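As given, the protein sequences belong to chains A and B, one line each in that order. Just so you know, the first sequence maps onto residues 178 to 458 in this note's numbering. Just so you know, the second sequence maps onto residues 2 to 333 in this note's numbering.
The set of hints was computed from the structure by calculation and includes no laboratory data. Values in this document were obtained by computation on a predicted structure and should not be read as measured data. Each hint should be verified, as a subset may be incorrect.
What the hints assert, rightly or not - Covered by chain A, according to a simulated footprint, are these stretches of chain B (three or more residues, beta-carbon under 8 angstroms):
1. 88-99
2. 130-136
3. 157-164
4. 184-196
5. 259-266
6. 287-296
Unchecked claim - Which bits of chain A does chain B cover? Going by a derived footprint, with three or more residues having C-beta under 8 angstroms, they are:
7. 275-283
8. 384-390
9. 419-432
What the hints assert, rightly or not - Some but not every residue of chain A turned toward chain B, in silico, with C-beta under 7 angstroms:
10. T219
11. A264
12. G316
13. F408
From the three backbone atoms N, C-alpha and C, an ideal C-beta is built for every residue, glycine too.
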Amino acid sequence: MTRAATLERRWGARAWLLLVYAFLYIPILCLVVFSFTAGEITTQLDGLSLRWYVALLHDDELGAAVRLSLQVGALAATAAVVVGTAAAVVLARFRPGAGSGVFAAMATAPMVMPEVVVGLSLVLLFTHPMLQPVLGGRGVTAIWVAHTTLCAAYVSVLVQSRLREMDRALEEAALDLGCPPWKVFFVITVPVIAPALVAGWLLAFTLSMDDFVLAAMLSDPGSTTLPVLVFARLHHGLKPEINALATVIVVVVSIAVLVANRVMQRAQRRRRAAMHAALRG
Amino acid sequence: MSAEPAAPAPAPPRRPFFLLRGRFWVACLPWAWLLLFFLLPFVLIVNVSLSTPDLAVPPYVSPFSQPQAEGQPALPPAFNPDLGSYRRLGDEVADLARPGAELQYLRAFGNSLLLAALTTLCCLLVGYPFAWHIARSAEGTRNTLLMLVMLPFWTSFLLRVYAWMGLLDSSESGLINQALLALGVIDAPLQLLYNSGAVLVGMVYSYLPFMVLPLYANLVKLDMRLLEAARDLGARPWTAFVSITLPLSWRGIVAGSMMVFIPAVGEFVIPDLLGGGGVLMIGRRIWDDFGPNQDWPMAAAVAVVMVLLLIVPIMVFHRHGDRGDGASEAGP
């Protein structure tokens, strides 16, 4: 290939990347820009002000919804990491036995199953006349269960691929030296798959914070999560307050992602260096 | 078979069940969770789809329930399914040929499948070259580029759809209209929002990361020496692409397409917000029957049919999709 053709290709690649990133980011940028408007219209910049951020602070309904979403998100993410990791260990480490095909299918299906179907099925479970007294009907617990089921599928896929990648010699050596399996798991396996666990927790947390359909179907009047409230407000007329909210979310998420990325890269480097030293020493 | 009978294996010592191997307990947790919160609910959907709608809480009469008169001995349990909901869907299929038939559910199914297919196609067309170029960029920048794909996905999905409402707004204050008017390209604001184009843009925007990540995970593993060899042997770029890159990335394409197509069939929030509710989606029908119409058996029957329609794509996804590696990139 000629040099000119290569150059042309490289510019083509850059242009395509730039175009798609513009497609992804222009809407978000617009949200951020118009959050600083002093006017009432969400698509016009009538002077700059922080009035919508102040309004955000004084909005009790929104504050309650944010708090509830954070709680459900944290609880669901934690439960999803436990359930998802157990599922991943079963799938990646145990000898396939009876029913493992069904198990593998069930473990990933919530990831793709349309949310409205999963939501409906869980509503039927939680409102079933025989189960309602036990499970407590619709409400925060129901939302937590729904989010855990959905997020555990993502966590199990993440952790599974990490488990398959990792050097099994480490685990086998420990087992050969007489370490009980549970200890091998917590002392050897968990530190190695820790990045996947952290990534899984963060992904689960954001999925839960973001979910509208499941939360809306399973909520009762006392359990309005943030997306349910935002959806209701989108239908009732828009105010730049929503833009301010979006800006806050974007900033918080960006910082969290950057920090998590940095921390994990550093941990990875340190572990690699330690391994190197151990192998040479 | 050897002539000698094999020595009997020593019988494993019997243990009380609470001392079963740890393995059993590890498997127990996810099994129990999935059976209780994933499989059982689906059994209930089938059960409710065979129920009779009723003005009660919950609003259906289970096919297993028996009318019981005061003072009479309880009747033995029986199974009396009510096929009314499925019959309504069947009647629509029978009405298909009749012009002017209403076909609420069939039309909604058609709209949803068409929208999901179009979304998948657009995501693939945009996402494939995109994922390819990320996979071929320098190793240090790859991570950053991927993170930039994930970042919008981590901010609220409703707010991103809301952003498009502002961009596409059909009045003079819509951002695209403002820009085009200011540039003098148009004289009057364009009707951009509340049509199928707006819905498609919103869908592609929201589902693109689900296509890009599995594709990237697949394409990054592609051995570039194969393409170099093809080039050295005189293959044109297009030939090399069709005979090497495409077959090798097939699993990524399948995984990405299914990750977009299957959930997109049930999607109704984006069509509702950007399409103005003009085009009816099957997810919306379930939502309406479940909510305002209080016809849970019908909602359940539609859900059952939807799952049956999606079983083939789900099996394809499960068997041939490059799932594991795809989602492993989803983390930061």
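Evaluated hints:
no.	hint	in the structure
1	88-99	violated (count 0)
2	130-136	holds (count 4)
3	157-164	holds (count 7)
4	184-196	violated (count 0)
5	259-266	holds (count 5)
6	287-296	holds (count 3)
7	275-283	holds (count 4)
8	384-390	holds (count 4)
9	419-432	holds (count 7)
10	T219	holds, 6 angstroms
11	A264	holds, 4 angstroms
12	G316	violated, 15 angstroms
13	F408	holds, 6 angstroms
In this structure, the hints that do not hold are numbers 1, 4, 12, in rising order.
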